[in-house]
Amino acid sequence: MRVALFVPCYVDQFYPKAAIATLELLEKLGCEVHYPKNQTCCGQPMANSGYEHLTGGCNNLFVDNFSGYDYVVCPSGSCTLHIKEHLHADGKEDQATEIRKKVYELTEFLVDILRVKQLSASFPYKVGLHHSCHGLRGLRIAQMSELVAEPFSKPAQLLDLVNGLELVPLSRQDDCCGFGGTFCVVEEAVSAKMGKDRVADHISHGAQYITSADLSCLMHLEGILRRQNSDVKVIHVAEILNNSL
Amino acid sequence: MSREKILAAVKFNQPAAMPLPDMEVLNKLTDVRTDLVSKYKAIATAGGSFVYEVSGFDEIKTIINNEFKAGVKIISALNELSDYIYAETVKHEDGHTFADVELTVLRTQLGVAENGALWLTEKDMGSRVLPFIAQHLAVVISKDDFVPTMAQAYQTIGDADYGYGSFISGPSKTADIEQSLVIGAHGPRSLSVFILS
Amino acid sequence: MSTATTKDHPHLAAEFNRDEPRVNWHDETLWWVRAKRDIAAHKLPEWELLRETASQIKFNVLSNLSTYLEQFEANATKNGIIVHWAADATEHNQIVHGLLEQKGITKMVKSKSMLTEECHLNEYLKEQGIDVIDSDLGERIVQLANEPPSHIVLPCIHKKKEEIGDIFHEHLGSAKGESDPKILTETARQHLREVFLTRRAALTGVNFAVAETGEFVICTNEGNADMGAHLAEIHIASMGIEKLIPERKHLGVFLRLLTRSATGQPITTYSSHFSKPQEGTEIHIVIVDNGRSIQLGREEFRNSLKCIRCGACMNTCPVYRKSGGHSYHTAVAGPIGSILAPNLDMKKYADLPFASTLCGSCSNVCPVKIDIHDQLYKWRQVIVKEGYSPKAKTMAMKAMALTLASPTLYRMGGKTGRLVFKYVPFAVNNKLNPWYNQREMPKAPDESFGEWYAKRKGAKNS
Numbered sequence: 021m022r023v024a025l026f027v028p029c030y031v032d033q034f035y036p037k038a039a040i041a042t043l044e045l046l047e048k049l050g051c052e053v054h055y056p057k058n059q060t061c062c063g064q065p066m067a068n069s070g071y072e073h074l075t076g077g078c079n080n081l082f083v084d085n086f087s088g089y090d091y092v093v094c095p096s097g098s099c100t101l102h103i104k105e106h107l108h109a110d111g112k113e114d115q116a117t118e119i120r121k122k123v124y125e126l127t128e129f130l131v132d133i134l135r136v137k138q139l140s141a142s143f144p145y146k147v148g149l150h151h152s153c154h155g156l157r158g159l160r161i162a163q164m165s166e167l168v169a170e171p172f173s174k175p176a177q178l179l180d181l182v183n184g185l186e187l188v189p190l191s192r193q194d195d196c197c198g199f200g201g202t203f204c205v206v207e208e209a210v211s212a213k214m215g216k217d218r219v220a221d222h223i224s225h226g227a228q229y230i231t232s233a234d235l236s237c238l239m240h241l242e243g244i245l246r247r248q249n250s251d252v253k254v255i256h257v258a259e260i261l262n263n264s265l
Numbered sequence: 011m012s013r014e015k016i017l018a019a020v021k022f023n024q025p026a027a028m029p030l031p032d033m034e035v036l037n038k039l040t041d042v043r044t045d046l047v048s049k050y051k052a053i054a055t056a057g058g059s060f061v062y063e064v065s066g067f068d069e070i071k072t073i074i075n076n077e078f079k080a081g082v083k084i085i086s087a088l089n090e091l092s093d094y095i096y097a098e099t100v101k102h103e104d105g106h107t108f109a110d111v112e113l114t115v116l117r118t119q120l121g122v123a124e125n126g127a128l129w130l131t132e133k134d135m136g137s138r139v140l141p142f143i144a145q146h147l148a149v150v151i152s153k154d155d156f157v158p159t160m161a162q163a164y165q166t167i168g169d170a171d172y173g174y175g176s177f178i179s180g181p182s183k184t185a186d187i188e189q190s191l192v193i194g195a196h197g198p199r200s201l202s203v204f205i206l207s
Numbered sequence: 363m364s365t366a367t368t369k370d371h372p373h374l375a376a377e378f379n380r381d382e383p384r385v386n387w388h389d390e391t392l393w394w395v396r397a398k399r400d401i402a403a404h405k406l407p408e409w410e411l412l413r414e415t416a417s418q419i420k421f422n423v424l425s426n427l428s429t430y431l432e433q434f435e436a437n438a439t440k441n442g443i444i445v446h447w448a449a450d451a452t453e454h455n456q457i458v459h460g461l462l463e464q465k466g467i468t469k470m471v472k473s474k475s476m477l478t479e480e481c482h483l484n485e486y487l488k489e490q491g492i493d494v495i496d497s498d499l500g501e502r503i504v505q506l507a508n509e510p511p512s513h514i515v516l517p518c519i520h521k522k523k524e525e526i527g528d529i530f531h532e533h534l535g536s537a538k539g540e541s542d543p544k545i546l547t548e549t550a551r552q553h554l555r556e557v558f559l560t561r562r563a564a565l566t567g568v569n570f571a572v573a574e575t576g577e578f579v580i581c582t583n584e585g586n587a588d589m590g591a592h593l594a595e596i597h598i599a600s601m602g603i604e605k606l607i608p609e610r611k612h613l614g615v616f617l618r619l620l621t622r623s624a625t626g627q628p629i630t631t632y633s634s635h636f637s638k639p640q641e642g643t644e645i646h647i648v649i650v651d652n653g654r655s656i657q658l659g660r661e662e663f664r665n666s667l668k669c670i671r672c673g674a675c676m677n678t679c680p681v682y683r684k685s686g687g688h689s690y691h692t693a694v695a696g697p698i699g700s701i702l703a704p705n706l707d708m709k710k711y712a713d714l715p716f717a718s719t720l721c722g723s724c725s726n727v728c729p730v731k732i733d734i735h736d737q738l739y740k741w742r743q744v745i746v747k748e749g750y751s752p753k754a755k756t757m758a759m760k761a762m763a764l765t766l767a768s769p770t771l772y773r774m775g776g777k778t779g780r781l782v783f784k785y786v787p788f789a790v791n792n793k794l795n796p797w798y799n800q801r802e803m804p805k806a807p808d809e810s811f812g813e814w815y816a817k818r819k820g821a822k823n824s
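If you read the protein sequences in the order shown, they are chains A, B and C. Residue numbers for the first sequence follow our numbering, so the first one is 21 and each next one is one higher. Residue numbers for the second sequence follow our numbering, so the first one is 11 and each next one is one higher. Residue numbers for the third sequence follow our numbering, so the first one is 363 and each next one is one higher.
Nothing false has been slipped in among the hints.
Calculated cross-link-like contacts (lysine-lysine; reagent style DSS-like; alpha-carbon spacing at most 25 Å):
1. K133(B) to K611(C)
2. K153(B) to K49(B)
3. K544(C) to K523(C)
4. K668(C) to K611(C)
5. K747(C) to K710(C)
6. K819(C) to K48(A)
7. K731(C) to K104(A)
8. K638(C) to K101(B)
9. K51(B) to K398(C)
10. K538(C) to K523(C)
11. K38(B) to K49(B)
12. K760(C) to K740(C)
13. K398(C) to K49(B)
14. K405(C) to K38(B)
15. K253(A) to K805(C)
16. K101(B) to K83(B)
17. K668(C) to K15(B)
18. K740(C) to K112(A)
19. K104(A) to K740(C)
20. K805(C) to K37(A)
21. K57(A) to K817(C)
22. K21(B) to K440(C)
23. K819(C) to K37(A)
24. K57(A) to K805(C)
25. K37(A) to K57(A)
26. K153(B) to K611(C)
27. K521(C) to K369(C)
28. K153(B) to K133(B)
29. K465(C) to K638(C)
30. K760(C) to K57(A)
31. K440(C) to K15(B)
32. K37(A) to K817(C)
33. K398(C) to K523(C)
34. K38(B) to K611(C)
35. K817(C) to K48(A)
36. K611(C) to K440(C)
Simulated from the structure, these hints should not be mistaken for laboratory data. As the structure is a computational prediction, the values presented were derived from the model and not from experiment.
Same shape as in the complex, but just chain A:
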């Protein structure tokens, strides 16, 4: 199985450990992982700011980098969703369509495609799981609390396989953290308040780590935790699943 690893720009630049964990995890699970080296960004920062019309260059580059693999896997629900919903390229629409179908967020890839039922990972800590909105309501990697439907959570299902890990309950299981791309600076007051409230929910339930399938949320929450000099840390779900594998 030839898998192309799509590492979002901010993960590449700020959280290489999460990308390394994703790569190692996929390899240990038997995937032939390729990293197309000319990749940059999915184009979401422009698109969500109202500049989707400027993403043509990004899209073209993305199609060039990621065509021809069995799957494209990404350790970010948000970037995956953007590709799934908005990747189009003039003259290469067939390839773009193919990629839109083959792109997976890491945890959904592990659960739905690799059908991972066991892991030899261990992580003896109390962990709060933050669902990113794009992963949750966009990709449906877990059931959202708004719907009258059977609950499930792909990330939680995987975390349950990790030795020693205890998932803490939350008062608001899927309230948004307030990152929101450029929202985090344009609407700084509300963004920060939303992040503070999410962090407080995790802390009040005894979390030692906050994990998520999306680092953009975690970057925001980490910024708040560090400002508060908190001992609580953020960690991408891949790093937990890859821990002492």
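Mind docking chains B and C on chain A? Use the hints.
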């Protein structure tokens, strides 16, 4: 004329016709006719209504006599409760004189188990304002007159011709001040429901 | 986005956030309403089918709206109701004033109608010398406070009981310092009862208008719409053109959804169906367009007109909960307001589609399944293309797009201190950067993943 302008703009801008959904699946799913009285009772009570299961009108009279002081103004739309002012004899033009009505007693043929609502039309009311202006409202319903949900309620109503009708599901209430529930906003301070067995 | 004259959402939200305990209180109050909605919805196993059915009915309505409007008009007229048409807010206000003037009425009681808020009817009538009293308790409170409602279902959700106590003490003579909701409500009851008994005209909104029968339905918990309408000589009902539903039986779908979504109650206390005027009285309906037919023509945004004004999207919206209704500076706040308002004035409301994280909770609580968050995204694209975005932002976005479209530029940026991110505002390590007000910057690692990977043995570089 704005009428023509609006209609033309709407007609020009509306999308291609889309069909109405089939309501049968929903109607069947919700048409569960077991324990309707107990379901009604639970929901209506939770909504602030006082529900009494009674064997007959004498029992209703006793309850009313216990709950209300002698001499207060009570208007009733039921022949069986003839000690009070009969609703058919009052005129809606006199609506403003009902300001001192302590209790209005009405009869309905339709109650909804899922939400505690009782369907009352103008005919049942005598005057439209009566169920609203009275300090308290009581409604009499037979135990066989309940339907499971609003879907069946509208099947029962069908194409009935009424000038005015209202589903009333409890006492007048508000939670506008800090979401604190307060019973007795502008309408009746209580709703008593008498279920006749 | 910001203009010199009007404060935009980010500024108003920042002001709201200066009092953090109050933000917490506001947030928790609305979350509680959202939680009640969840409990109510989960009691119905058929909830999602109900939403889907309601959505389909509303799509059918939008696609046949001109026919349903004519059908409604014909049936209402047959029932003895007098129908008026208003192209915009001004015409609506003039029609209402004209009706009052004809009868020599100078005092009117009004129940909740967001349409009249949208049309600024109260201000207009005041200028014409008409005294209007809002009878919904929440609306009366904000009216006395000289403020607009901050929520379409819970108009004074932003006010604390002590503040309401002060307002009532000043205007309605309640005891100084009295803040018990029961006592304050009783004060309003006595005050408004007098109003109901003395007003010859009552204006109400409309929740649903049935094309098949010509009747319309008004839902309240307080009974104020009925008290006003039944005691008045003339009842004026204002409705937007989108309030139509095809048949009476469809009320069975919408009345099951409306209040469960709004407050978690299974139904409002009163769901009143007005079909004919009471003998000797008049019912007038004013059917208002005010931009709705334009929205109907916007393919990407037309289904915002499916809205039944339950307010569920506001209660669930974390941005609304933490910024308050007034920060949206429009009659209908929150997510739904943010997709409706730009249709009326794109420049004035260019900030609103950006007042969201696109979390999508709104679309999923919506009882008629409006794709609210997708429309917020689409409005952003339209607003930028129409030129209502700040120039500096456009420049930055262009530069960023260029960098990210070029692997070479991207890598160069990374190597020189991750400069690529100078266009991503959260990464600017500068104390003027808003990110830094309440958050630390991410720590830059020694090498990027790309750099690490290049050095990795057996790297499958493609």
